[in-house]
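Asker: Model the full structure from these sequences, guided by the hints.
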Amino acid sequence: MTISFSNALGIHEQALEVRVRRAEVLANNLANADTPGFKARDVDFKAILGEQMSGKDLGSTLKMDTTNGKHLPFGFDGGSEALLYRKPSQPSVDGNTVDTQQETAEFMKNTMQYQSSFQFLNGKFKSLVHAIRGE
Amino acid sequence: MSLSQIFDIAGSGMAAQSIRLNTTASNIANADSASSSEGDVYRARKPVFAAVQQDAMRMALGGDIMNDRPENQGVAVQGIVESDAPLDMRYEPDHAMADEQGYVMYPNVNVVEEMADMMSASRGFQTNVDIMDAAKTMMQRLLTLGQ
Chain A
1 MTISFSNALG IHEQALEVRV RRAEVLANNL ANADTPGFKA RDVDFKAILG EQMSGKDLGS
61 TLKMDTTNGK HLPFGFDGGS EALLYRKPSQ PSVDGNTVDT QQETAEFMKN TMQYQSSFQF
121 LNGKFKSLVH AIRGE
Chain B
1 MSLSQIFDIA GSGMAAQSIR LNTTASNIAN ADSASSSEGD VYRARKPVFA AVQQDAMRMA
61 LGGDIMNDRP ENQGVAVQGI VESDAPLDMR YEPDHAMADE QGYVMYPNVN VVEEMADMMS
121 ASRGFQTNVD IMDAAKTMMQ RLLTLGQ
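From first to last, the protein sequence lines stand for chains A and B. Last residue of the first sequence: 135 in the numbering used here, with the numbers rising by one and none dropped. Last residue of the second sequence: 147 in the numbering used here, with the numbers rising by one and none dropped.
A hint or two may mislead.
As the list claims (entries may be wrong) - Derived list of chain B stretches under chain A, where covered just means 3 residues or more per stretch with a C-beta under 8 angstroms from a C-beta of chain A:
#1 2-12
#2 73-85
#3 127-136
#4 140-147
To be verified - Short, incomplete list of chain A residues facing chain B, as computed with Cβ under 8 angstroms:
#5 V20
#6 R21
#7 A27
#8 A31
#9 D34
#10 T35
#11 P36
#12 F38
#13 T104
#14 T111
#15 Y114
#16 Q115
#17 F118
#18 L121
#19 N122
#20 F125
Claimed, not checked - Computed far set for chain B versus chain A, every beta-carbon distance over 10 angstroms:
#21 S26
#22 A29
#23 S33
#24 D88
#25 Y103
#26 M118
The hints are simulated quantities; they were obtained by calculation from the structure and are not laboratory data. Keep in mind it's a predicted model, so treat the numbers as computed, not measured. Built from N, CA and C at the ideal position, the CB exists for glycine as well.
Answerer: Below is the structure:
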């Protein structure tokens, strides 16, 4: 009998990764809170998690082949369809759609969700250790 | 681990806001710097913020599509421009800098606007510090995984 890590850890491993990615996107929104014309972005959690679970990136499957070193990669540029633009509640005159309060709240929420994903993952590891020790 | 990218992003935000605070300090300090000619007078300085498109170049040079994420940019100060608002011309014939007609040129610095800018910059800085702190906590938690 073998222990399969991907079976044992379940969805939490991917969830943690997606939380980190979302934290990045939200941090970027906040860093650009005063940049004219910047559009706030966020990830579609369900879509991006599904993408992670299936183990492939949309960008890699829909990418065009490059046969020469000077060709530019074409297709989905590294990101995925899961990265969307936020609907602005109060867009400013300079075209910026970052709402600092909203983004901060989302960031904090994301941090808490990261903590819970982490707790679950940690619990899985702890139970594996228990099983190995046989205590 | 891509958590370290958050440090870069928040760091770029902090750097940009501190440059903004710097220009505000310079503007307020020079709000009353008089001059006799239009060419020499101090003009209010404003930073121009822009999102960084750092990954476009790396991708073109054969970067890894999976790991180079164009959405993670951070912010950069593209340059500092001088305001072209009209200068403040005051009739002060007794002033040492007065021209033949008795006028002295004062900078086009709006102190109230600068104060508002200062508050906005300091709040922006604070937000980025909070983000960095949260990222630090997340990273530290990750290091305790399995313990």
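Asker: Hints first: check each against the structure and report whether it holds.
Answerer: Hint check:
{"no.": "1", "hint": "2-12", "result": "holds (count 7)"}
{"no.": "2", "hint": "73-85", "result": "holds (count 3)"}
{"no.": "3", "hint": "127-136", "result": "holds (count 6)"}
{"no.": "4", "hint": "140-147", "result": "holds (count 5)"}
{"no.": "5", "hint": "V20", "result": "5 angstroms, holds"}
{"no.": "6", "hint": "R21", "result": "7 angstroms, holds"}
{"no.": "7", "hint": "A27", "result": "5 angstroms, holds"}
{"no.": "8", "hint": "A31", "result": "3 angstroms, holds"}
{"no.": "9", "hint": "D34", "result": "5 angstroms, holds"}
{"no.": "10", "hint": "T35", "result": "4 angstroms, holds"}
{"no.": "11", "hint": "P36", "result": "7 angstroms, holds"}
{"no.": "12", "hint": "F38", "result": "5 angstroms, holds"}
{"no.": "13", "hint": "T104", "result": "6 angstroms, holds"}
{"no.": "14", "hint": "T111", "result": "5 angstroms, holds"}
{"no.": "15", "hint": "Y114", "result": "6 angstroms, holds"}
{"no.": "16", "hint": "Q115", "result": "7 angstroms, holds"}
{"no.": "17", "hint": "F118", "result": "6 angstroms, holds"}
{"no.": "18", "hint": "L121", "result": "7 angstroms, holds"}
{"no.": "19", "hint": "N122", "result": "6 angstroms, holds"}
{"no.": "20", "hint": "F125", "result": "4 angstroms, holds"}
{"no.": "21", "hint": "S26", "result": "18 angstroms, holds"}
{"no.": "22", "hint": "A29", "result": "22 angstroms, holds"}
{"no.": "23", "hint": "S33", "result": "27 angstroms, holds"}
{"no.": "24", "hint": "D88", "result": "25 angstroms, holds"}
{"no.": "25", "hint": "Y103", "result": "34 angstroms, holds"}
{"no.": "26", "hint": "M118", "result": "13 angstroms, holds"}
In the structure shown, no violation is registered for any of the earlier numbered hints.
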